[in-house]
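Line by line, the protein sequences are chains A, B and C.
The numbering used here puts the first residue of the first sequence at 964, with every later residue one more than the last.
The numbering used here puts the first residue of the second sequence at 142, with every later residue one more than the last.
The numbering used here puts the first residue of the third sequence at 1015, with every later residue one more than the last.
Hints are computed from structural coordinates only; laboratory data are not their basis.
None of these values were measured; they are calculated from a predicted model.
Heads up, a few of these hints could be off.
Cut-off 30 Å, straight-line C-alpha distance, at most; resulting in silico cross-link-like pairs (BS3-like, lysine-lysine) [stated by the list, open to error]:
| id | chain 1 | residue 1 | chain 2 | residue 2 |
| --- | --- | --- | --- | --- |
| 1 | A | Lys1194 | B | Lys257 |
| 2 | A | Lys1135 | A | Lys1181 |
| 3 | A | Lys1181 | C | Lys1048 |
| 4 | B | Lys280 | A | Lys1122 |
| 5 | A | Lys1105 | A | Lys1142 |
| 6 | A | Lys1236 | C | Lys1204 |
| 7 | A | Lys1324 | C | Lys1102 |
| 8 | A | Lys1259 | A | Lys1289 |
| 9 | A | Lys1056 | B | Lys280 |
| 10 | C | Lys1131 | B | Lys385 |
| 11 | C | Lys1048 | A | Lys1179 |
| 12 | A | Lys1194 | C | Lys1225 |
| 13 | B | Lys257 | C | Lys1204 |
| 14 | A | Lys1236 | A | Lys1181 |
| 15 | A | Lys1324 | A | Lys1135 |
| 16 | A | Lys1259 | C | Lys1225 |
| 17 | B | Lys385 | A | Lys1068 |
| 18 | C | Lys1102 | A | Lys1236 |
| 19 | C | Lys1225 | A | Lys1236 |
| 20 | A | Lys1087 | B | Lys280 |
| 21 | A | Lys1133 | C | Lys1048 |
| 22 | C | Lys1204 | C | Lys1102 |
| 23 | C | Lys1102 | A | Lys1237 |
| 24 | A | Lys1142 | B | Lys280 |
DEER-style ranges, computed between Cβ atoms [claimed, not checked]:
| id | chain 1 | residue 1 | chain 2 | residue 2 | range |
| --- | --- | --- | --- | --- | --- |
| 25 | B | Met384 | C | Leu1194 | 31 to 37 Å |
| 26 | C | Phe1195 | B | Arg339 | 37 to 43 Å |
| 27 | B | Phe157 | A | Glu1295 | 49 to 55 Å |
Using N, Cα and C, we set each Cβ at its ideal position, and we do this for glycine too.
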Amino acid sequence: MKKNLLKKIIATAMVGIITLAMFAGCSKTQTPDNTQGGGKKTADGKITIAMLPKFKGENYFDAVKIGAQEAADELGITLLYDGPPQDQATNQKQVDILEGWIAQKVDAILVSPNDPNAIAPTLKKAQEAGIKVVTFDADAQKDARDLFVNQITADATGKGLLEAAARELKAKGYGPNKKANIALVSSSGTDANQAAWEAAIDKYLATEEYNFMVIKNKETDVYYPGTDETKVNAECATLISRMGPGEDQIQAAIGLSSMATPALGAQYQSASKKPDANAITLTGLATPNALKTYIKDDEHPMNAGMLWNCMDLGYLAVQVAYQLTKGDITTESTSVNAGRLGTKEIVDRECVLGDALIFDKTNVDNFNY
Amino acid sequence: MAKKKGFKLTFNAILFLIWLFIFAGIATISSAFLSPNYLINVMLRNIIEIGMVALPMTLIIIMGGIDLSVGNIMVLASTLGGLASISLGSGPAILITLVTGLVCGLINGLVIVKAKISPMVTTLATMYLYLGISRGISKGSSIYSYDFATFLGNTSLFGIPLQIWIYILLAVIFTVLLSKTTLGRKLYSIGLNENATRYAGIDVDKIKLFMYVLCGLICALASFIWLGRFTSIKFDAGTNFNMKVITIVVLGGTSINGGIGSMAGTIIGTLIIATLNSGLTVMNIPIDVQTIVQGSVLIVSLIAYAVVNSRAKKKKLIKIQAAPKQAA
Amino acid sequence: MVQEKRRTASFLTTEFYLTIFLLAVLIFLGIFAKGFYTINNIMSILNAYSYTLIAAIGMNMIIITSNIDVSTGALVSVVCFASAALGKLGLPFPVLLPAAMIMGMILSTINGLFITKTRIPSIVATLATTQLFQGVLPLTTEGSIYDLPATFTWLAFEAKIFGIVPASVLMCLIITVIALFFMRYSRFSKKLYAIGNNQNSARLSGINVEKTIIITYAIAGALFGVSAIIIATAGQRVTTTMGSGLEMTLIASVILGGTSTAGGSGKVLGTVIGALILSIVSPAINYLGISPNWSDAIKGAIIIISVVVGAAQYVKKKRVIKVPAGGIS
Chain A
964 MKKNLLKKII
974 ATAMVGIITL
984 AMFAGCSKTQ
994 TPDNTQGGGK
1004 KTADGKITIA
1014 MLPKFKGENY
1024 FDAVKIGAQE
1034 AADELGITLL
1044 YDGPPQDQAT
1054 NQKQVDILEG
1064 WIAQKVDAIL
1074 VSPNDPNAIA
1084 PTLKKAQEAG
1094 IKVVTFDADA
1104 QKDARDLFVN
1114 QITADATGKG
1124 LLEAAARELK
1134 AKGYGPNKKA
1144 NIALVSSSGT
1154 DANQAAWEAA
1164 IDKYLATEEY
1174 NFMVIKNKET
1184 DVYYPGTDET
1194 KVNAECATLI
1204 SRMGPGEDQI
1214 QAAIGLSSMA
1224 TPALGAQYQS
1234 ASKKPDANAI
1244 TLTGLATPNA
1254 LKTYIKDDEH
1264 PMNAGMLWNC
1274 MDLGYLAVQV
1284 AYQLTKGDIT
1294 TESTSVNAGR
1304 LGTKEIVDRE
1314 CVLGDALIFD
1324 KTNVDNFNY
Chain B
142 MAKKKGFKLT
152 FNAILFLIWL
162 FIFAGIATIS
172 SAFLSPNYLI
182 NVMLRNIIEI
192 GMVALPMTLI
202 IIMGGIDLSV
212 GNIMVLASTL
222 GGLASISLGS
232 GPAILITLVT
242 GLVCGLINGL
252 VIVKAKISPM
262 VTTLATMYLY
272 LGISRGISKG
282 SSIYSYDFAT
292 FLGNTSLFGI
302 PLQIWIYILL
312 AVIFTVLLSK
322 TTLGRKLYSI
332 GLNENATRYA
342 GIDVDKIKLF
352 MYVLCGLICA
362 LASFIWLGRF
372 TSIKFDAGTN
382 FNMKVITIVV
392 LGGTSINGGI
402 GSMAGTIIGT
412 LIIATLNSGL
422 TVMNIPIDVQ
432 TIVQGSVLIV
442 SLIAYAVVNS
452 RAKKKKLIKI
462 QAAPKQAA
Chain C
1015 MVQEKRRTAS
1025 FLTTEFYLTI
1035 FLLAVLIFLG
1045 IFAKGFYTIN
1055 NIMSILNAYS
1065 YTLIAAIGMN
1075 MIIITSNIDV
1085 STGALVSVVC
1095 FASAALGKLG
1105 LPFPVLLPAA
1115 MIMGMILSTI
1125 NGLFITKTRI
1135 PSIVATLATT
1145 QLFQGVLPLT
1155 TEGSIYDLPA
1165 TFTWLAFEAK
1175 IFGIVPASVL
1185 MCLIITVIAL
1195 FFMRYSRFSK
1205 KLYAIGNNQN
1215 SARLSGINVE
1225 KTIIITYAIA
1235 GALFGVSAII
1245 IATAGQRVTT
1255 TMGSGLEMTL
1265 IASVILGGTS
1275 TAGGSGKVLG
1285 TVIGALILSI
1295 VSPAINYLGI
1305 SPNWSDAIKG
1315 AIIIISVVVG
1325 AAQYVKKKRV
1335 IKVPAGGIS
């Protein structure tokens, strides 16, 4: 009995000490990367802007963060940055993070939602708490945000991607007289931006210029592998094995997420019997760094990739959120003076960064993100 | 018996102290955390669904079972309910959600009881099955909330969200069920020695079946709140949900081998996880560190239980099946 | 003699009906899934199959001892990322492979030690270590490792036997053959089954249970490491979550192969077939023109039906000598 009591006391003490130690550790690790501290905002009057990507730990949002940090340093504000891990890019995780920020009363929230509708109630809650809400990269429901910083219009993305594929296909002998089957590798299926791009692609596929390209069966030729790297690789491998010159095969694959396009490149490269590079083409959205090896390889059917300047996107997003907080711009404004990017137009509460960046082997080395 | 009771009380007291430590720690570091609004509307409101499912899960684990499919039962129930609400309206949607939960639980229970397949294998398989059905039926897109779910997820009663009241009610019912009824006693008995219980003339199969069905029903109930709170749900929303629930139950001192555990422990476990989740978020600790902290808390409590239990266990009846706990 | 016969018969049934099922599916696919039997598709399936099977063999060993490991996915992520960090330095595959095996072994041994020393049930213990493994990566680095050199992607891009078969398949074949013999004839494997059947009697019969379990986790860890290096080298970029969720696929393969999570039974051959069936599902339905949204439902249905059918054969026998359905397993 006595020994029992002793053990209990030891256990309690142990638990207590370790819990406390953990907290000490936490508060320590928290201080350095958070020197500007959420709670201290009122003391030094610094503006705090919190940025929530769809997920973190992948080239695309890493590059966005660099640009965002640059703007934050320039403006002398605090930037908080957190997001779900890549394999758990769900709305629930995003909401958890947002609620912490709302409670701290940050000044503005920048968010790239995984699901435009599911996140809306939380964003509205933030707005009610007096926090400015700006979406970037992907939009949310229009009434749940103040402004949307769009990298490029969906229309331009859809057209750009199809143009890149069409150019290659035509060079390889396809055209109005010889139809080509195309497949898309999208993301999770609920992202607002991918959905808008797919719609734009559909629209342009119906035009005379691009109607030699067809998506034969939407059920099987549009892939939604999500954001998990291993799954994306596995589904891209299946897609590559379906590619070739035949009528029931697929001639062009377009990646719509920054995971999908590199996976297409890698899976082509590792295919045992590579589909004839003269009969097929691969292209899509990705950061230049992720595609470098494939684009520079002459025997690889991936010759060009498309993106926008991610760092500028982060920079612009923070600029817009900052000026919205300061009152320099309102939701009614028609333009914003975005620091080193010059003046950007705002149309219908949407600020567009600019044009697509198409990179091929001539310029892929000029980018480093 | 009296000795055992005293021991248990101390145990939950320790757990309660840990919670106080954590709570006080976070409250002193972050001022935003301690606002009543945050505590009630964020911290408690966010844990309700997990906490709710942890209640029947405690019963299942005490009787030596496990249910890995809970998260996906919730998603399937909301998916079918949400779809039904579009074409049939709210009434049928409510019914379909509840029936889905019931049927899912019944399938789990029947396979476990009739085919005599271990609960882990069964619910692992049905986890895939329910996930897959939700994904297939919803075609991978989100399912949206309807008036009843929105009502349950977003209404406040006397300044406290409705779902917290529901949780309190359920917590009371389950606590009474486990500690004051013969059914509760039988659950412990099944967990300690299923065969002996069977020979004692207790219809073990019926009780097991009932527990899995109950768990399915509570999942369906929680799914209304979930759907209402997020306004929409996607097929993958239930991923990792099972592990979160099991973490809470185990943190609350319930032995995964069955036979030991209390509802109060689970409730305190729920509070600890809620505090950690929301507290660390408000302190701007990156999500990765939060994972580590939660893992560490779990490990520390597990070791603490192991230390305390190893002595108490030896005195208890020799259990044949709980081999890992046995000393040579 | 009678008993011997019965054992042979039951051995035949579990793997036998799985094989029949597999053959039926393969014939069905040959008729209805146009283009399924192209070299590319077969090889891409085999490549995914090889990393699943290698890890599943490790998981099978763990489950035979009536333990489990739910941290595998997180463990593989850690090994993938660490291997990529080494690969970035230009280290060739012959260095990366043992490095990954050692890393896997170390992490898995931590699991084994934790389970045996604290006597915490493995499912809970590995649940806790999962969170540690998951959290540690993003702490050490920001984002991903990309633009990895050709020495790193050598396995996936260049290493082809006869220019066709990926080297990963050969690795898998070698490991499978070794495992088949090891699990059938080695003294060590006898210990595993003994521990899985009844830990106490195994202890009483002089087996060092703790040591055996730790070694099992270490071997399994090395196999997870091999699996991780195949996953990591698939492309020239490695992110922090590669391989996450793998544990569920592994456990499903093992269970489908007829291994009981109660421990003490299960053959490598079953796992070999189980993993193959699960690896075929996703590509097969894509070729059949079914939406990939149904793949998980089909996997779940296959597992549950096969487990129920498999159990139906034993129910009669079990009624005679009732084995306690102990614990959660």
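Consistency of the hints with the structure:
1. The straight-line distance between the Cα atoms of A:Lys1194 and B:Lys257 is roughly 34 Å, outside the 30 Å bound, and the hint therefore fails.
2. Taking the CA atoms of A:Lys1135 and A:Lys1181, the gap is about 24 Å. The hint holds against a cut of 30 Å.
3. Distance check on the hinted pair: A:Lys1181 and C:Lys1048 sit about 17 Å apart at the alpha-carbon level, within 30 Å; holds.
4. Distance check on the hinted pair: B:Lys280 and A:Lys1122 sit about 27 Å apart at the alpha-carbon level, within 30 Å; holds.
5. In summary, the hint linking A:Lys1105 to A:Lys1142 is not supported, as the alpha carbons are separated by about 39 Å, beyond the 30 Å threshold.
6. A threshold of 30 Å between alpha carbons decides the hint, and for A:Lys1236 with C:Lys1204 the separation of about 43 Å lies outside it, so the pair is violated.
7. Under the criterion of a C-alpha separation no larger than 30 Å, the hint pairing A:Lys1324 with C:Lys1102 is consistent with the structure, at around 22 Å.
8. As the CA atoms of A:Lys1259 and A:Lys1289 are separated by approximately 46 Å, the hinted pair breaks the 30 Å bound.
9. Proposed proximity of A:Lys1056 and B:Lys280 is supported: the alpha carbons are some 22 Å apart, at most 30 Å.
10. The straight-line distance between the Cα atoms of C:Lys1131 and B:Lys385 is roughly 25 Å, inside the 30 Å bound, and the hint therefore holds.
11. Between C:Lys1048 and A:Lys1179 the alpha-carbon distance is near 15 Å, which keeps this suggested pair within the 30 Å criterion.
12. Using a Cα cut-off of 30 Å, the hinted pair A:Lys1194 and C:Lys1225 is violated, with the two alpha carbons roughly 36 Å apart.
13. As the CA atoms of B:Lys257 and C:Lys1204 are separated by approximately 26 Å, the hinted pair is consistent with the 30 Å bound.
14. In summary, the hint linking A:Lys1236 to A:Lys1181 is supported, as the alpha carbons are separated by about 26 Å, within the 30 Å threshold.
15. Pair hint A:Lys1324 plus A:Lys1135 holds up; C-alpha atoms about 18 Å apart against a cutoff of 30 Å.
16. With a C-alpha separation of about 52 Å, the suggested pairing of A:Lys1259 with C:Lys1225 is violated against the 30 Å cut-off.
17. Proposed proximity of B:Lys385 and A:Lys1068 is supported: the alpha carbons are some 28 Å apart, at most 30 Å.
18. For the proposed pair C:Lys1102 and A:Lys1236, the alpha carbon gap of about 27 Å is at most 30 Å, so the pair holds.
19. With a C-alpha separation of about 46 Å, the suggested pair C:Lys1225 and A:Lys1236 falls outside the 30 Å cut-off, and the hint is violated.
20. For the hint linking A:Lys1087 to B:Lys280, the alpha-carbon distance of about 28 Å falls within 30 Å, and the restraint holds.
21. Distance hint between A:Lys1133 and C:Lys1048 is fulfilled; the C-alpha atoms sit about 27 Å from each other, no more than 30 Å.
22. Between C:Lys1204 and C:Lys1102 the CA atoms are separated by roughly 42 Å; this puts the pair beyond 30 Å, and the hint is violated.
23. Taken as a hint, the C:Lys1102 and A:Lys1237 pair is honoured in the structure, with Cα atoms around 26 Å apart against an allowance of 30 Å.
24. In summary, the hint linking A:Lys1142 to B:Lys280 is supported, as the alpha carbons are separated by about 29 Å, within the 30 Å threshold.
25. Evaluation of the 31 to 37 Å hint for B:Met384 and C:Leu1194 yields a pass: the beta carbon distance comes to about 33 Å.
26. Between C:Phe1195 and B:Arg339 the Cβ separation comes to about 41 Å, which falls inside the hinted range of 37 to 43 Å.
27. Checked against the hint of 49 to 55 Å, the C-beta distance between B:Phe157 and A:Glu1295 comes to roughly 54 Å, which is consistent with it.
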